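As a plain string of letters, each chain reads:
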Amino acid sequence: MQTEIIISGFGGQGVLFAGQLLAYAAMDAGKDVTWIPSYGPEMRGGTASCTVIISDEEIGSPNVRNPKAVLVLNLPSLDKYEVLVAHGGVLIANASLINRAIERKDINSLMIPANEIAESLGNRRLLNMVMLGAMLEMLPVLSLEQIEQALDDHIPERHRKLLDLNISAIRHGAEFARKEGVEITEVVE
Amino acid sequence: MARELLKGNEAMAEAAIRAGLEAYFGYPITPQTELLEWMSKRMPELGRPFLQAESEVAAINMVYGAACTGKRVMSSSSSPGVSLMMEGLSYIAGTELPAVLINVMRGGPGLGNIAPSQGDYNQMVRGGGHGDYHAIVLAPASVQEAIDLVVLAFDLAEKYRSLTFVIADGNIGQMMEPAELPPMRPLKRTVPEWAVQGAIGRERRVLSSIYIEPEDEEVVNIRLLERWREIEANEVRFKEYFLEDAEIIVIGYGTAGRVAFSAVRTAREQGIPVGLLRPITVNPFPSGRIAELIPQARAFLVVEMSTGQMLEDVQRAVEGRVPVEFYGRLGGVVPYPDEILNEIIRVAEEPIELGVDPLDGWLKRLKAITN
Amino acid sequence: METVETAKLVYSRPESLTDATMHYCPGCTHGVAHRLIAEVMDEMGIRERTIGVAPVGCSVFAYYYLDCDFVEAAHGRAPAMATGLKRVLPDRFVFTYQGDGDLASIGMAEIMHAAGRGENITVISTNTAQYGMTGGQMAPTTLPGQKTTSSPSGRDVELMGYPLRMAEVLSNMEGSGYVVRRSLHNAANIRKAKKAIRMAFEVQKRGLGFAMVELLSTCPTNWGMSAVESLKWVEENMIPVYPLGDYKVTSALDGIRV
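First to last, the protein sequences are chains A, B and C.
Counting in the numbering used here, the first sequence runs from 1 upward without gaps.
Counting in the numbering used here, the second sequence runs from 1 upward without gaps.
Counting in the numbering used here, the third sequence runs from 1 upward without gaps.
Quick caveat, the hints were computed from the structure, so don't treat them as lab data.
A portion of the hints provided could be inaccurate.
Just so you have them, the derived chain B footprint on chain C, three or more residues with Cβ under 8 Å [said to hold, decoys possible]:
1. 52 to 66
2. 70 to 77
3. 109 to 115
FRET-style restraints, in silico, Cβ to Cβ [what the hints assert, rightly or not]:
4. B:Thr-370 with A:Asp-79: 18 to 24 Å
5. B:Arg-346 with A:Ala-101: 36 to 42 Å
6. A:Leu-75 with B:Asn-342: 31 to 37 Å
7. B:His-130 with C:Asp-254: 44 to 50 Å
8. A:Ala-101 with B:Gly-320: 54 to 60 Å
9. B:Ser-40 with A:Asp-79: 36 to 42 Å
10. B:Ser-55 with A:Glu-103: 48 to 54 Å
11. B:Arg-321 with A:Asp-56: 38 to 44 Å
12. A:Ala-101 with B:Ser-40: 47 to 53 Å
13. C:Ser-150 with B:His-130: 22 to 28 Å
Predicted model, so just to flag it, every value in this text is computed and none were measured.
The C-beta atom is built at its ideal place from N, Cα and C for all residues, glycine as well.
Hey, can you work out the whole structure from these sequences and the hints?
What follows is the structure, given as C-alpha cells:
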C-alpha cells in the first residue's frame with residue numbers, strides 16, 4: 001500500500017520544498033518515494049503543487065486522482081482538491097488565507113492558521129513547515145524525528161541558520177493539530 | 001554510491017557526464033531545460049566543452065562535428081526541438097557515427113504544450129529523418145532507469161556506430177526519485193579507427209554521408225541494415241510483471257508503462273489474471289517476447305500516451321492471433337491508474353472480438369470522458 | 001668537366017593538394033581557391049593537423065582535392081559542424097569551405113552565430129552570385145537585375161530583395177577577428193587572396209577569433225560565358241557591388257606579415 005500526498009499553494013509558499021522534505025525523509029527511512037511537481041508557466045508565480053507518494057513497494061504511477069492527504073495553502077487549491085481527497089483521507093487547509101469552511105464530512109480535516117503560527121515564530125515563510133507538522137500529526141506516515149533529521153541533512157546551506165526555526169515550526173504545526181483533537185488517520189503499510 | 005533523491009533531467013545529465021561525456025551541445029526547451037542547465041554548470045567544472053547553440057539545428061550539427069572525432073557527445077531536447085534536429089540526425093546516421101540524444105517528449109503536434117507525452121514514438125522509432133536508417137530507442141520509466149539507460153546509450157551507440165535515443169517524457173524529466181548514480185568513468189583514451197582528428201602520420205580520412213553512386217549508397221544501406229539486424233538480435237530489453245500466469249497482457253512503456261503497473265497490481269489484488277510487459281527498448285521492439293506470450297494470452301491491452309503508435313508494433317507481433325485492445329490518453333494528458341484498471345476489467349469481463357480495429361472502441365470510450 | 005645546371009623548380013603541385021583531376025567546369029575558380037588553401041597548409045606545415053568541413057554545393061567534393069582530414073556537412077551547417085570539431089579538438093586547425101548559397105542563405109544562422117561567438121575557425125567562402133551546383137538559380141548574393149534560372153527576368157529588388165554582403169555583415173560581429181573580401185579574377189588579386197587565406201589561418205593559430213575570407217569567384221557555365229569573359233564579369237559587375245577590402249582586422253594582428 002502507498003500514501004499519496006499533494007501539497008498545493010501559491011508559488012513562493014514553499015510548497016515544492018515541503019514535498020521534497022517529505023521525499024527525503026521517506027528515502028532516508030528506506031521507503032520508495034516519488035516527488036513530482038506541476039511544472040510550466042504556472043510555476044512562474046501562479047499556483048504550485050507537488051505530489052509525493054511514499055510506499056513500501058515499487059511505485060507505479062507518480063500521479064493519483066484521489067490522494068490520501070492534501071495540504072492546501074490557499075483558496076484556489078482548496079477549491080481544486082477538496083473534492084479529490086480520498087474517502088477517509090486527510091485535508092489540511094491554511095485558515096490564514098482561506099475564508100470558507102471545509103465541506104467534506106467523510107474525511108479527516110483541519111483548518112490551521114499557518115501564516116499566523118509562522119509569524120508568531122518570527123518568520124512568515126515557515127508556513128509550509130507548520131502545515132507539514134500538522135499533517136504528520138494527523139497522518140503519521142513518517143515520524144517528526146525522521147522529518148527533522150531529513151531537514152538537518154538536506155536544508156540548503158544558505159538556510160541552515162533557520163534550521164531550528166523550521167523544526168520549531170513543524171512542532172508547532174503538530175501541536176496545533178493535537179490540541180484541535182484531530183483524529184489520527186491510519187497509515188496502511 | 002548512495003541513493004540520492006534525484007530529479008530526472010538532472011540525473012540523466014549527471015549520468016551522461018559520469019559515463020564519460022566529452023562534449024554537450026544543446027538549446028533550451030521545456031521540459032528538458034534542467035538537463036542543459038546541469039550541463040552548463042558541470043561540464044565546464046570538468047574542463048569539458050558545453051555550448052548552448054543558436055538553435056537545435058546548430059546543436060545537432062555541432063554534435064555531428066564533434067562525433068566525427070570519435071568523442072562521446074550528445075544533445076538533449078524536447079519534441080519540437082527534436083523535429084528541428086532531424087536533418088542532422090539523418091546525416092549522423094548516414095555517416096555511421098555514434099551519438100546520443102535525449103528527447104524529453106511533450107504534447108504535440110506543433111507547439112503543443114509542455115506536458116508529458118509519448119507522441120514522438122513514430123518519429124523516434126521509425127526514423128524521423130530522411131533515408132534508410134534505424135536508431136536504437138531506449139525508454140526509461142523511472143529516474144533510476146533513466147540513469148542506467150543514458151549510460152547504456154553511449155555504450156550501444158559506440159558498439160554499433162549508431163544513433164541512440166533515450167525517450168523520456170516530462171514526468172520522468174521533472175520527477176524526483178531515490179536513485180543511484182554510477183561512479184565517474186575515466187574519459188576514453190582510445191581513438192576509434194574511423195575518427196577524424198587530423199591526419200598525423202597516417203593517410204587522411206573523410207567522414208561523409210554522401211555516396212554519389214547509387215551502388216555505393218546501396219552498400220551502405222545494406223551495412224546499416226545488417227548492423228540493425230544484429231542490434232535486433234542482441235539488444236532487446238524489457239521488464240515483466242506478473243506474466244507467468246497472465247491471460248490479459250498489458251503492454252506499455254515509459255510513464256504509461258509505470259502507470260499501467262499500478263493498475264495491473266490492483267487488478268491482481270482483485271484476482272484478475274493480468275500481467276505487464278514494459279518494453280525498455282522500443283527499438284528494437286520486443287516482438288519476439290510478445291509472440292511467445294500469444295499462447296497464454298486471451299487478449300493484449302496496449303497503453304500509450306499517444307494515438308496507438310506502438311500499438312502497430314504490437315499488432316504486427318501478435319499477427320491477429322488474439323485480440324489487441326488499446327487505451328491511450330493524448331496531448332499531454334497522463335492517464336490515472338484507475339482508467340487503465342477499468343480497461344483491464346473491461347477486457348477481462350467483456351468478450352473481445354478478433355479482427356476489430358481497437359481504435360474504434362477506444363475513441364468512443366475516450367470521447368465519453370473528454371466531452 | 002661540364003656542369004649541368006639544375007632546373008629551378010618554380011611551380012608544382014602543393015603537397016596538401018591531391019593529384020586527383022578536379023571535377024570543376026573549365027574556367028571555374030574553385031580550383032584556384034583550393035590550391036591557395038593547399039599552399040597555405042604547406043607553408044604553415046599544418047596539413048596533418050587540419051580538418052576541413054566541406055559544404056553542399058559544387059565544392060561538396062573539396063575533400064577529393066585537399067589532402068587533409070575532412071568531414072562533409074549538411075547544407076549551410078558547416079560552421080556548426082566546425083564548432084563541434086574545434087570545441088573538442090581546440091589544438092587542430094578547422095576550416096569550412098562554403099559557397100554563397102550555403103553560407104549566406106540556408107546557413108545564415110550558423111555563420112552569424114559562429115562569428116558572434118568568436119568561434120576560432122577559418123571560413124573560406126566563394127561568391128559566384130548564384131547557386132552553382134543546382135544550375136544557376138538566384139542566391140542571396142545575386143546582383144540586382146542579374147538573370148538566373150529562378151529570376152529569369154533579372155533580380156527585381158522590389159520583389160526579391162537586395163544582395164547580402166556577407167563580409168560587411170560579419171565584420172560587425174565582435175567575435176570576428178579577421179573578415180576580408182578578395183577576388184580571384186586575375187593573378188594580382190589571386191596573390192592577395194592567398195595572403196588573406198594565410199592570415200585567416202594565422203588568426204586561428206593565434207586564437208584571435210572568427211576569420212573569414214570571401215572570394216569573388218567565377219561560374220562561367222551558369223553565367224553562360226567563356227572563362228575569360230567570366231573573369232571580366234567579376235571585375236566589372238561583381239566588384240562594384242562587393243568591394244574588395246579588409247572589413248575587420250583585429251589590432252592583435254598588427255605587425256604580423258605573411
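- Message: Name the hints, by number, that the structure is in violation of.
- Response: none
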